[in-house]
Amino acid sequence: MKVTIDGHEIEVEAGTTILQAARMIGGDVVPPAMCYYSKLKGSGGKCRCCLVEVTKGSDANPTPMPKLVASCVTGCMDGMEVKSKSSDRVTEARKAVTEFLLINHPLDCPVCDQAGECDLQNLSFEHGHANTRFIEEKRTFEPENIGDKIQLHMNRCILCQRCVQVAEQLTDYRVHGVLNRGDHAQISTMVSAAIENEFSGNMIDVCPVGALTDKTFRFKSRVWFNKPFNAHRECTTPGCCGKVTVWMFGNEIQRVTARKDEYHEVEDFICNTCRYDKKEVSDWTIEGPRKFEKDSVINVNNYSRKLEKVIINTERGILMGRDEDRKKISMAAIDYNKKIDGTEVKQ
Amino acid sequence: MGRKILLDKINVPGIKSYEVYRREGGYASVEKALKMTPEAIIEEVKASGLRGRGGAGFPVGMKWSFIDKKSGKPRHLVCNADESEPGTFKDRYLMEYIPHLLIEGMITSSIALEANLSYIYIRGEYMWVYKILERAIQEAYAAGWLGKNIQGSGFDLDLYVHCGAGAYICGEETALIESLEGKRGNPRLKPPFPAISGLWANPTVVNNVESIAAVPWIINNSGADYAAIGIGRSTGTKLISASGNIKKPGVYEIELGISVEEFINSDEYCGGMETDRPLKALVPGGSSVPILPAHLIYKTANGDDRLMTYESLSDGGFATGSMLGSGGFIVYDDRACIVRNTWNFARFYHHESCGQCTPCREGTGWLEKVLWRIENGEGREEDIELLWSIQSKIEGNTICPLGDAASWPVAAAIRHFREEFEYHVRFPEKIKNRDHFTHEPFHKVRHLVAPQTV
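Order-wise, the sequence lines are chains A and B. Heads up, the first sequence is in full-length UniProt numbering, so the first residue is 1 and it goes up one at a time. Heads up, the second sequence is in full-length UniProt numbering, so the first residue is 1 and it goes up one at a time.
Among the clues, some could well be false.
Dumping the calculated BS3-like pairs for lysine-lysine here, alpha-carbon to alpha-carbon at most 25 Å [to be verified]:
#, chain 1, residue 1, chain 2, residue 2
1, A, Lys2, B, Lys183
2, A, Lys138, A, Lys39
3, B, Lys444, B, Lys430
4, A, Lys41, B, Lys430
5, B, Lys430, A, Lys39
Looking from chain A toward chain B, a few residues come up when the C-beta cut is under 7 Å (computed) [stated by the list, open to error]:
#, residue
6, Gly45
7, Val73
8, Ile103
9, Leu107
10, Ala130
11, Arg133
12, Lys138
13, Arg181
14, Gly182
15, Arg259
16, Val281
17, Asp283
So these bits of chain A aren't anywhere near chain B, every CB distance computed over 12 Å [unchecked claim]:
#, residue
18, Lys46
19, Tyr173
20, Arg222
21, Phe229
Since the hints were made in silico from the structure, they are not lab data. All residues carry an ideal CB built from backbone N, CA and C; glycine is no exception.
Model the full assembly from the supplied sequences, consistent with the hints where possible.
Okay, here's the thing in structure tokens:
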């Protein structure tokens, strides 16, 4: 099937969603996604960040879709034409969703462990306003303890429900879910139970914001002060791949996460033993520094990026000046018999 | 006297009981339908032009013909009795006073859809109605209208009433299905539509109580007879739940096509305004539809009479029209404060938003907070623009129509009653006692917010 997204044509298989097709194209046509997670079944459709405009339904039925559609759950049709970044409606809608996500968000990035690798920060960097129109009191929740490994900050949550799907699909039984409704809907456990499943730590990795963070890494370091290295170990937990990213400060492993791709999705899920209990360098076979995916604060000083040769033309710069400056000062010959406006000078 | 189809027998003493209902000709449509082919029944309903009475007005016959019969999966009919729209109470009346009509409709419709397992999803607040329905179903089972081999025809049907827990969102058909499956009542992403994959991933049709209750009459008579009532594509009769500042609030069955003026003022229906205060505004179809100002109630924008039909009420689009919706007809006289009313609706949607998708979850709360400030004299001039902007950003960007339903009343209130919002913002001391329009109706203070020209 042929799909066109922002003028880029691509062949995809039947059943591909618009978002997946856009990711195949890559670059800035890819809609942002806060709730969709390709590794989790049934995710997506909730955050409305990935809305796109379908200007042509398909070759068979070319009528455009009247509403913007969520690209993560809308399948491609043959001959479909989609506008993502090139549509003003889409840009407006993304700005709107970003504003909605931020009005009740505490904006406590300076003390949030997720800062630097937070999807909401990226989204608001791209689509947000510097000012807020929301002058009301923000909605808040009572703090809740969901165990000694995972820190829940409900105020930061955007209710993408990825963590619910992790618990549903990776663990044997789920003890947490969404309670209440509307803007008081919250992620919580049933009667304040602790989340203790061996794969529960993946909830931290899939959380797009700082609502679920690693208690063993809490307030230890900003993420961009750590250097990510790929590492692996022979893990005996069934279902765990043992391939991780270790975040080092000097010779010290500050935290362990699964390996995430450029869309912040984990390549494979890891168990809690790997995540919390193996914090010695001797536990891991370190493969080398994690490759550069895209610009972000985490990649400050990342030396895995290909470096261009730097040429500094000091001498030339000092003696001759830059080319563009030289052009500016070389004036054409001046006719002294004319004024500046072109009239003749009376003798 | 207008023709009565649903409420024809409502005054017969004891019509709640099976014996009386049967004596009055009840369950005749089932007998007739069992002799017809399912396709013929669907054709008859299509010919009747019956449109869904829950609010959207989608043709019932067409909805039935979309149901996937080829897959061979079991099919279900679900009756949506989760009537929670503020201003709407017609289904409750129907189920409470003539429960067997709904059950007869369910059986006839299930025969048409070849569904052997059907449900009535009733809201939790209607517990006493739930008990009435339960009893009626027991009577129908005992009389052989439900269960195995109905009346010796070989058709089996089991009918259950399921009681919800009181969420407005469960009136949305996919959220209703989720709730019926025992999950959290969140709307599903569409497609797939319920006609392909609904209850337990089986093809499902969800219809309003009133739509289903109209089916027996259509089968007993004919689709053409039903289509003869009404005007154009608005055929048949409709229950209207009239409330507000009128002499006789209540549930009325009207022939679609009578004028709004007649409905409000005739003694057969609302009986005119409650007092001699003038009419100020009208919500014709439940809280979700746009509010109409006085000059657009009896006449449309181009001067035609406003009729009680789907088309006439929506004439002029949202700029000068509204919708028939579910028939929650709320009349306001000049004591009503539109800002307070809009806040009240916004509060409802804030409370009832399911919290699944961002624009509705965050936006409905924001709308309510801003409206609350304006209503309490803490509004700012820019808040009116802000409200307009928020509602336009919710509308169309959500999973289900609740977001639209929350934004339309706000949009219409600002569109038609902007001066009243400005009055609240500019004269907070005048509104602080909450009785601002009771003693001083808005038309007496309008000059205060009128644009000044020198």
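Checked hints:
1. This hinted pair does not check out: lysine 2 of chain A and lysine 183 of chain B have alpha carbons roughly 38 Å apart, beyond 25 Å.
2. The hinted pair formed by lysine 138 of chain A and lysine 39 of chain A fails the criterion: a straight-line CA distance of about 33 Å is larger than 25 Å.
3. Of the supplied pair hints, the one linking lysine 444 of chain B and lysine 430 of chain B holds, its CA atoms being roughly 13 Å apart against a limit of 25 Å.
4. Proposed proximity of lysine 41 of chain A and lysine 430 of chain B is contradicted: the alpha carbons are some 56 Å apart, above 25 Å.
5. With a C-alpha separation of about 58 Å, the suggested pairing of lysine 430 of chain B with lysine 39 of chain A is violated against the 25 Å cut-off.
6. For glycine 45 of chain A, the interface hint holds, the least distance from its beta-carbon to any beta-carbon of chain B being 4 Å, beneath 7 Å.
7. A least Cβ separation of about 5 Å between valine 73 of chain A and chain B falls short of the 7 Å threshold, and the interface hint therefore holds.
8. Hint on isoleucine 103 of chain A holds. Least Cβ distance to chain B is approximately 6 Å, under the 7 Å limit.
9. With a least beta-carbon distance of about 14 Å to chain B, the hint placing leucine 107 of chain A at the interface is violated under the 7 Å criterion.
10. Because the smallest distance between the Cβ of alanine 130 of chain A and any Cβ of chain B comes to about 17 Å, over 7 Å, the interface hint for this residue is violated.
11. Hint status for arginine 133 of chain A relative to chain B: holds, with the closest Cβ pair at about 6 Å, below 7 Å.
12. Because the beta carbon of lysine 138 of chain A sits about 10 Å from the nearest beta carbon in chain B, more than 7 Å, this interface hint is broken.
13. A least Cβ separation of about 5 Å between arginine 181 of chain A and chain B falls short of the 7 Å threshold, and the interface hint therefore holds.
14. The beta carbon of glycine 182 of chain A comes within 4 Å of a beta carbon in chain B, closer than 7 Å, and the hint placing it at the interface holds.
15. Because the beta carbon of arginine 259 of chain A sits about 28 Å from the nearest beta carbon in chain B, more than 7 Å, this interface hint is broken.
16. For valine 281 of chain A, the suggested interface contact is broken, since its CB lies about 42 Å from the closest CB of chain B, more than 7 Å.
17. For aspartate 283 of chain A, the interface hint is violated, the least distance from its beta-carbon to any beta-carbon of chain B being 40 Å, above 7 Å.
18. Not every CB of chain B is more than 12 Å from the CB of lysine 46 of chain A (nearest about 5 Å), against its label as outside the interface.
19. A cut-off of 12 Å between C-beta atoms confirms that tyrosine 173 of chain A is not in contact with chain B; the least separation is 16 Å.
20. With a cut of 12 Å on Cβ distances, arginine 222 of chain A stays outside the contact zone with chain B, its closest approach being about 28 Å.
21. The beta carbon of phenylalanine 229 of chain A is kept farther than 12 Å from every beta carbon of chain B, the shortest such distance being approximately 36 Å.
In this structure, the hints that do not hold are numbers 1, 2, 4, 5, 9, 10, 12, 15, 16, 17 and 18, in rising order.
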